[in-house]
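Chains A and B supply the protein sequences, listed in that same order.
Note that the working numbering gives residue 124 to position 118 of the first sequence, counting from 1, and the numbers run on in steps of one.
Note that the working numbering gives residue 1142 to position 1 of the second sequence, counting from 1, and the numbers run on in steps of one.
Hints should not be assumed to be uniformly reliable.
[Stated by the list, open to error] Here are the computed lysine-lysine pairs in the DSS-like style, where the Cα-Cα straight-line distance is at most 30 Å: (1) Lys69(A) - Lys100(A); (2) Lys1218(B) - Lys100(A); (3) Lys99(A) - Lys1218(B); (4) Lys69(A) - Lys1218(B); (5) Lys69(A) - Lys99(A).
No lab work stands behind these hints, which were simulated from the structure alone.
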Amino acid sequence: MSQIKKSFLLINRQAPYGSSAARDALDVALTASVFEQDISLLFLADGVFQLLQDQQPQGIGQKNLAANLSALPMYDIDQIFVSASALQQRGLKKEQLSLPAELLDDQQIATLISRHDQVMSF
Amino acid sequence: MSLHTLNKAPSGSSATQDCLNALQAGDALLLIEDGVYGALDAYSALFQHAESLAVDCYVLSADTDARGLTTLNPLFKPASYSTFVELSCQHHPVVSWA
């Protein structure tokens, strides 16, 4: 395994199911974790909808994204951050999320981004 | 009278506003795919215009269920795929906002 270790921040900005962005980000997260990289996830804007509980996508012929996301801690991906203002704008509360996530304000998000080696936005 | 289908979330593009601007009294509006996020209470102010025109508003249940949306703006009536078909037959034209 490579000795090079970098910190990755994956920014999720799009809702699940409407496009492949959410699943692409999850694929990158799981792939990077295989290479023992340091991975954080940040949910911004409509990306916060990915974390809503009780998703039942069988009716539209898709797989449950939230179920896969909730498996991330088993891959040692437990640095999960959510924009507090994005939640508030959508009338959502932390209790409605399927993962234990840390709420950040815009200034804290800027700091989070600046302390990572690689930042990817989906 | 037209049926307007909207498949983008309110924050995602100008589709929501463009659709709302084009509504006429007697039209029907159906939120589908990511458009169903518009039925959240947080966006109810956006759809007051549709309400004032007495536009019949629907939201596709398969898409709200998929996304885990539960408490929705009561302006929007839940619609099945067969309701979608009925609405498409009853209205002309069908306008897809994307």
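Now for the hints, and whether the structure bears them out:
no.	hint	in the structure
1	Lys69(A) - Lys100(A)	23 Å, holds
2	Lys1218(B) - Lys100(A)	27 Å, holds
3	Lys99(A) - Lys1218(B)	24 Å, holds
4	Lys69(A) - Lys1218(B)	26 Å, holds
5	Lys69(A) - Lys99(A)	24 Å, holds
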